[in-house]
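Chemist: Chains as they are written, first to last, in my numbering: chain A, 274 to 535; chain B, 5 to 383; chain C, 549 to 614.
No wet-lab data here; the hints were simulated from the structure. It should be emphasised that the depicted structure is a prediction, and the values quoted were computed from it without experimental measurement.
Quick look at which bits of chain A chain C covers, simulated, 3 or more residues with Cβ under 8 Å:
{"id": "1", "region": "296-304"}
{"id": "2", "region": "321-327"}
{"id": "3", "region": "362-374"}
Here's a subset of chain A near chain B, in silico, CB distances under 10 Å, partners left out:
{"id": "4", "residue": "Arg415"}
{"id": "5", "residue": "Asp419"}
{"id": "6", "residue": "Pro514"}
Quick list of in silico lysine-lysine cross-link-like pairs, DSBU-like style, CA-CA up to 35 Å:
{"id": "7", "chain 1": "C", "residue 1": "Lys591", "chain 2": "A", "residue 2": "Lys295"}
{"id": "8", "chain 1": "A", "residue 1": "Lys445", "chain 2": "B", "residue 2": "Lys366"}
{"id": "9", "chain 1": "B", "residue 1": "Lys359", "chain 2": "A", "residue 2": "Lys445"}
{"id": "10", "chain 1": "A", "residue 1": "Lys394", "chain 2": "C", "residue 2": "Lys591"}
Every residue, glycine too, gets a C-beta built ideally from N, C-alpha and C.
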Amino acid sequence: MTEGLKLGDRVFSSRLLLGTGKFSSTDAMIRAVRASGAELVTVALRRFHPGRPVDDVLAPLAAIEGLMLVPNTSGARDAGEAVRAAQLGRELCGSPFVKLEIHPNPHHLLPDPIETFEAAKILVGEGFLVLPYMPADPVLARRLEDIGCAAVMPLGAAIGSGQGLTTMSMLKLIIRDASVPVIVDAGLRSPSEAALTMEIGGDAVLVNSAIAAAENPELMASAFAAAVRAGRDAWKAGLMPQSDAAAATSPLTAFLAGGEAG
Amino acid sequence: MSAAPPDWLDPLPWLDLARAAGPSVVERSLRSSEPGIREFAALLSPAAASRMEALAQRALALTRRHFGRAISLYAPLYLSNYCPARCTYCGFSADLRIARHKLTPAELEAELSALKDLGIEEILLLTGDRAAVADYPYIRDCVRLAAARFPNVAVEVFPMSVDEYRGLSAAGCTAVTLYQETYDPARYEQSHLGGPKRDYHGRLDAPARALAGDIRVAGLGALLGLGEPLFDLIGLFQHATHLRRAFWKGGVAISFPRLRPEPGGYTAAFPVDQNFLAQAIFAFRICLPDVPLLLSTRESPRFRDGMAGVGISKMSVASRTTVGGYDLETVPSGPQFDINDHRGVAAFCAALEAKGLQPVFKNWDAAYREDTASVRAAQ
Amino acid sequence: MNLVVNGEAYRHNGQSTIADLLRECRAEAGRTAVMVNGDIVPKSTFDMVRLSDGDHVELIMIAAGG
Numbered sequence: 274m275t276e277g278l279k280l281g282d283r284v285f286s287s288r289l290l291l292g293t294g295k296f297s298s299t300d301a302m303i304r305a306v307r308a309s310g311a312e313l314v315t316v317a318l319r320r321f322h323p324g325r326p327v328d329d330v331l332a333p334l335a336a337i338e339g340l341m342l343v344p345n346t347s348g349a350r351d352a353g354e355a356v357r358a359a360q361l362g363r364e365l366c367g368s369p370f371v372k373l374e375i376h377p378n379p380h381h382l383l384p385d386p387i388e389t390f391e392a393a394k395i396l397v398g399e400g401f402l403v404l405p406y407m408p409a410d411p412v413l414a415r416r417l418e419d420i421g422c423a424a425v426m427p428l429g430a431a432i433g434s435g436q437g438l439t440t441m442s443m444l445k446l447i448i449r450d451a452s453v454p455v456i457v458d459a460g461l462r463s464p465s466e467a468a469l470t471m472e473i474g475g476d477a478v479l480v481n482s483a484i485a486a487a488e489n490p491e492l493m494a495s496a497f498a499a500a501v502r503a504g505r506d507a508w509k510a511g512l513m514p515q516s517d518a519a520a521a522t523s524p525l526t527a528f529l530a531g532g533e534a535g
Numbered sequence: 005m006s007a008a009p010p011d012w013l014d015p016l017p018w019l020d021l022a023r024a025a026g027p028s029v030v031e032r033s034l035r036s037s038e039p040g041i042r043e044f045a046a047l048l049s050p051a052a053a054s055r056m057e058a059l060a061q062r063a064l065a066l067t068r069r070h071f072g073r074a075i076s077l078y079a080p081l082y083l084s085n086y087c088p089a090r091c092t093y094c095g096f097s098a099d100l101r102i103a104r105h106k107l108t109p110a111e112l113e114a115e116l117s118a119l120k121d122l123g124i125e126e127i128l129l130l131t132g133d134r135a136a137v138a139d140y141p142y143i144r145d146c147v148r149l150a151a152a153r154f155p156n157v158a159v160e161v162f163p164m165s166v167d168e169y170r171g172l173s174a175a176g177c178t179a180v181t182l183y184q185e186t187y188d189p190a191r192y193e194q195s196h197l198g199g200p201k202r203d204y205h206g207r208l209d210a211p212a213r214a215l216a217g218d219i220r221v222a223g224l225g226a227l228l229g230l231g232e233p234l235f236d237l238i239g240l241f242q243h244a245t246h247l248r249r250a251f252w253k254g255g256v257a258i259s260f261p262r263l264r265p266e267p268g269g270y271t272a273a274f275p276v277d278q279n280f281l282a283q284a285i286f287a288f289r290i291c292l293p294d295v296p297l298l299l300s301t302r303e304s305p306r307f308r309d310g311m312a313g314v315g316i317s318k319m320s321v322a323s324r325t326t327v328g329g330y331d332l333e334t335v336p337s338g339p340q341f342d343i344n345d346h347r348g349v350a351a352f353c354a355a356l357e358a359k360g361l362q363p364v365f366k367n368w369d370a371a372y373r374e375d376t377a378s379v380r381a382a383q
Numbered sequence: 549m550n551l552v553v554n555g556e557a558y559r560h561n562g563q564s565t566i567a568d569l570l571r572e573c574r575a576e577a578g579r580t581a582v583m584v585n586g587d588i589v590p591k592s593t594f595d596m597v598r599l600s601d602g603d604h605v606e607l608i609m610i611a612a613g614g
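Pulled out of the complex, with its shape left as it was, chain A reads as follows (with noise of 0.2 Å):
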């Protein structure tokens, strides 16, 4: 068994990948996932206006050793914005690599699972290898996996709510079924909650918001990093089963007593 994170042909030895939006400055970002040691992050696609000053985080971004930029299609609100979104951003990015983010309803910014699934049918066959973001349901799952989605990325809950695992059961029913890496993405506040969705078998965590809203993102990002790597070395230790609650009724063997007769 390969211990690296296996997505298409890539291997990443770290399972913590990171979102790039929402920090205070482009510098601020690039320190963040420095400190966070992860290999594979999600980029934006954005109008170029002209005449208008340019943030440009490709060059710093595509100056850390060993990292991947993944275009993300948020913002498109259906399959065919998505696939346009997709297109553009392999253009950009020159990886076959697409998060497929489709969420029509800006309040919750919950993802549509119809749209998502008919625009990862449309992509996987124009040769994407794409990371669908998805709800946290068994069934999807194992559709956008039988369609030759990359992976899967059910949320913990809502973008940017910080709820964490509120998905839980769900996401260990995913887990359980799942041939393809499962990405938790969405939701996840604290490092201890990264730990927890690698503990119960998660192949890894796209985080965003805990790490740029926190106080400090440098921090916060190598704190996760660690709680990952905790997480992971905790699954494959073992953990130790949780004991039962004892059921006190008679003995339901008794009937075993006395042989074959009757």
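Once you have looked at the hints, place chains B and C on chain A.
Modeler: Chains B and C only, in chain A's frame:
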């Protein structure tokens, strides 16, 4: 040269654990929240046998969690005992001079009526191995007749192709049961002396073909006592988990047919006593908590009553293993195996209810199924 | 020629290939994706594809986010 079991099935790596797991391994396996093959093998061990009550308690808790207090009931109906196979253990073997019979459509309708009168809503249609007089078209037609009157129709017949399974599904078949009998290729070869059943791999792969052919549930089992029990039980576990992983939309169910001493009958090479049968059932329930586990009337009333709801979630009732046999007009033929629980539906239901269990005859209504609607329309 | 760039009216004073437009806007060809009238233009063709009067052009780049 015998076939070899495929890698995903091979019980060999787990036999040591099943033979000699220590008490602490058994304890961890009992408490594991995600038990797998290692835990299953450990729960088959002698050390686990000395923890039977603990195994039973865990099996009870998990059966209640996944099945409530319901016991699903069904009845078997043999359509035909024509059989080209020569299986050493079977009352239908081609070597035996027994009265052979196949139900005509009129006889089938009479049997179905008799079963309906008993309150049965789920039937299992059985035949011998693939015989010219009782081949796929006959079975498909019987399924169609049965599905017009029963919401759940399962078959236990012989390995078919994906297309044949699709045809059965379209005719209204919801489940296919096929026992591998033994997962040990050498024992398999020794036990099946003639006929199409000699094909170990063809039989092994049939449940997968059924699930690929729109059948909802594949019923598995090993004839306990035919081969080395630990080998067969581990093989059965691996078979079940392999199918669940490959066919996430389909389900599996597991039965526990056991060779019991019958006067003048076949003597099991590896007899399994009822204690070990109970242990095996508990182990399956603990490690596959949401898989239906079935017990037939081959077992005694006391054993069936003890195991109902403690691992076992589904049971046959009021069974006949002769061809037909429910409708008193049908000429009875020799049985495939002896029944030990002769209680009728009412008596068995009373026994279940006395244990706080609820007998359930029907889980869902076939009116939701498009094919049944078209069958009704065609009548 | 008159173009619509990123939804706004824009007057292009160059030679009218995409590469020319990018130079005029000070966008880096290697870091900008271009759509003309809804179709993505591969960057290998920026020097060859000519714009026409009234074309709708989108210029997209990577930014922090996602």
